[in-house]
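Undergrad: Here is how the chains run, residue by residue.
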Amino acid sequence: MIDLAQRAVEAALAAGASDAEAYASEETGREVRAHGGEVESLTAATKRGVGVRAWTGARVGYAFGTDLAEEGIAAIAARAAEAARVADEDEFAGPPSANGEASQDLPLSDPSIAEWSPARVADLALAVERAALDADRRIAGVEQAVYADAAERVAIASSTGIAGEFESSSCYAYLQALAEGEDGRETGLGFGLARGPAGLDPVAIGREGAERATAMIGARKPESRSCPVVLDATVAASFVALVGGALGAGGVQRGRSPFADRIGDEVAGEALVLHDDGLEPDGFASSPVDGEGVPRRRTALIEGGRLRTYLYDSYTARRGGAASTGNAGRGGYRSQPSVAASNLVVAPGEPSFDEMLRETGEGVCVTDVAGLHSGANPVSGVFSVGASGRAVRGGELAEPLREFTIASDLVSMLRAVRAAGAAPRWVPFGGSVSTPPLLIGEMAVSGS
Amino acid sequence: MSDAGGLIEPAVAERVLARALAGGGEFAEVFAERRGGLTMAIDETRIESVQSGAEEGAGVRVFSGGTTYFAHVDGLDPADLERAAAEAASALRADSVEPRPLQAVATTPQPIEQPPGDVPAERKAALLRELDERGRGVGAEIVQFMASYAEARREVAVADSDGLFTGDDRTRVRIGAQSVARRGDAVETGAETLGGCRGFELFDSDPAAIAEQAAGKALTLLDAGPAPAGAMPVVVAGGFGGVLFHEMTGHGLEADHVQKGASVYADKLGEQVAQPLLTAFDDGRLPGEWGSDAIDDEGTPTRKTPVLEEGRLVSFLYDRLTARRGGAASTGNGRRESFRHLPIPRMTNTYIAPGDAEPEAMIAEVKNGFYAVSFAGGQVDPATGDFVFGVSEGYLIEDGKVTRPCRGATLVGNCLQALAAIDAVGNDFEMKTGMCGKGGQKAPVGTGQGHVRIGAMTVGGTEV
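Chains as they are written, first to last, in this note's numbering: chain Y, 1 to 448; chain F, 1 to 464.
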């Protein structure tokens, strides 16, 4: 793989680039979809490709392709050099430098992926479905139970001496359970993720879906009001992912982040401590190096209620007079690198979930949000999103609630964080996030 | 005219299909694709993110019993295709059918006057510079302006064991404009897009107007107050307002949700689900529209499917597999993001047909309510019918008049209730482009309507 990446770099230099970088990847994966006790579909995937970033002086261009024969690589490299000629000059554009030693012993691969046959992972998906059906007689069915895995090898090389290669594997399973309600059906999501199928617990995943679906039976709209709100770990993770996106230096430097010009400011309640950690073994975004070959690391973002730093890749680091934090993100060979959080980790606090409810007293516990991508403005941080969950009365969970919205802005919400729970969970929605439930002192709830 | 021969030789396709059925199965299909594209952006008045892609590959699927076996590979060499066929067939142990000889079916792709690949990249950059100038020219409070250009060509071929051998050649172009306006501490954004199943000719008549529209939206919002909260009548404007129908009804009509009992419309076929003033279609043949193609990704010709006729639910949207299960015919809605995905029932261009109400009168009849002009997007759970929309441009209606703009509003509700509550459909009409996500796959879709009024809906804002 690294040879392939190096050949692509050479080809781009031969096509007239002054510097070049290549990212090559090869992936095999499987997916099983189960429904009604049967395997609905079984997919086997192989993917391979290369992406080339070419610089001509202060101009940069990108090209990618799947043809990895000699002429194919030459054509991709030539298109990258051509793309660079179309771009305008940018004084901060330039190839990354390695900037330190990469961690060598990250355990990112699980052999159970290779060991488990298609029939065995299909049984796992069926077991997830069965667990939901067995959990509660009000479960009328399962829309879909899904298992998917992938094993990937990545190589990154550049004309500035970067040369790295690593492997990783991941898998997940989820289901959408359907409960028969008083007036229609309710849905509940259960999920789990691991490095290999041996790390998944199909019964826990199925039960979670069943519990979430049945908990919503009889839900109605809450009254519109302003009140304390508990975000369960899955919902908290969605908001943390939004915060992580807004802390990327790219948006900050261009004045498009609610956190711009706020280093050192009080942006959160003391209970909220947030790190970006690209080396956390359980985190799915972990890797020895980032998407442009710079070593991953652990970076404190919010501590003591104050904003400590932004996330940088090489370009934004050069522009901001900072060092890269190893946060060049990349969605595979088809996308050029840009600043992105790796694993966002919220430090767990003291209180149990029940203690958080007691502290809430009268309020709302949100267990699901919808429309985050359309209901949140990443520039201003203002959001209003659809939600469902449970009422909190007398410090305990009460009746189910649906069809309401919660609204605030990111900084006001973070400042209102009164407690972080004791039990964190990895959640893959909108990024890789580990967070406990969060108690927000006050938020606008809009229902009837 | 387009056929499948440019991507895959008939003899190779026949060999691959025979290989796919060697271990058993009732049906096999090979889907081959070559895709290429160019994207670029302007930000801080600088052309950047110039990116060019070229991929090819194929997906092979086999139906056996209730199971679909699917394998995909990068590359279109006969060896790649046979590898995919062998992979798809590897788990099969059942009686098989003999594939029928292939019969080529020619199709007529959407006409493209000016293939974007023939237009020099400098002209595309110049188009973005024009957008930038126009957007920034709207006012000093426009502090940021970004625009993007994207062109894509997808050549596809489908061969199956029923003997179908066909193809399509799809070119799409799209530009987008985004602006940020600032006044003191207030920051607002505005966005607008223009796209279609068209060539570069789509940009012949004043494409940079979208830059002014995007900037205008952001400026308008600087004067915005908090959005109201609570239930009230809502008037939705034409064009991208159609995303409301897309989410509220369209997804629930996709036959995969229906057949799993995961749609609130599952037992409503033939029933009156809306007032008689509502008629709606899914139409994959609308010339030049963003969601149009000659055939779907299973080789079925696209068509115009009435889904609501005078308020009565008359059809679901089927791909081949759900049509087989449901004893229906495919409605040409089997779409896939690429050769790396299985086809699923998807909307194409979905719209509410124009009614007879005057938009001004529809607003004038509302005492106090909300006017939603544009959405940032939406989401629905088809099983429960619960939906949510983020409003990117909205106004209060007070005493029958549109008054102040509101920021940060969200509409939430339940499909069946909201659909039944539509009490007026305007005589205006506009189509807009959208990217729809379902099951991890993105698809270009058109949404359209004129003004539509919903008698009561929950508006979620901060003004509690």
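Be careful, since some hints might not be right.
Derived list of chain Y stretches under chain F, where covered just means 3 residues or more per stretch with a C-beta under 8 Å from a C-beta of chain F [as the list claims (entries may be wrong)]: (1) 12-25; (2) 153-165; (3) 363-374.
Here are some chain F residues the structure puts well away from chain Y; computed CB gaps all over 12 Å [stated by the list, open to error]: (4) Arg129; (5) Leu269; (6) Glu271; (7) Pro301; (8) Gly378.
Here are the computed lysine to aspartate or glutamate pairs in the DMTMM-like style, where the Cα-Cα straight-line distance is at most 25 Å [what the hints assert, rightly or not]: (9) F:Lys442 x Y:Glu362; (10) F:Lys442 x Y:Asp3; (11) F:Lys442 x Y:Asp354.
Keep in mind that the hints were calculated from the coordinates and are not lab data. Glycine included, each C-beta is placed from N, C-alpha and C at the ideal position.
Undergrad: Run every hint past the structure and note whether it holds.
TA: Here's how the hints hold up against the structure:
| no. | hint | result |
| --- | --- | --- |
| 1 | 12-25 | violated (count 0) |
| 2 | 153-165 | violated (count 0) |
| 3 | 363-374 | holds (count 4) |
| 4 | Arg129 | violated, 9 Å |
| 5 | Leu269 | holds, 17 Å |
| 6 | Glu271 | holds, 15 Å |
| 7 | Pro301 | holds, 25 Å |
| 8 | Gly378 | violated, 6 Å |
| 9 | F:Lys442 x Y:Glu362 | violated, 41 Å |
| 10 | F:Lys442 x Y:Asp3 | violated, 33 Å |
| 11 | F:Lys442 x Y:Asp354 | violated, 40 Å |
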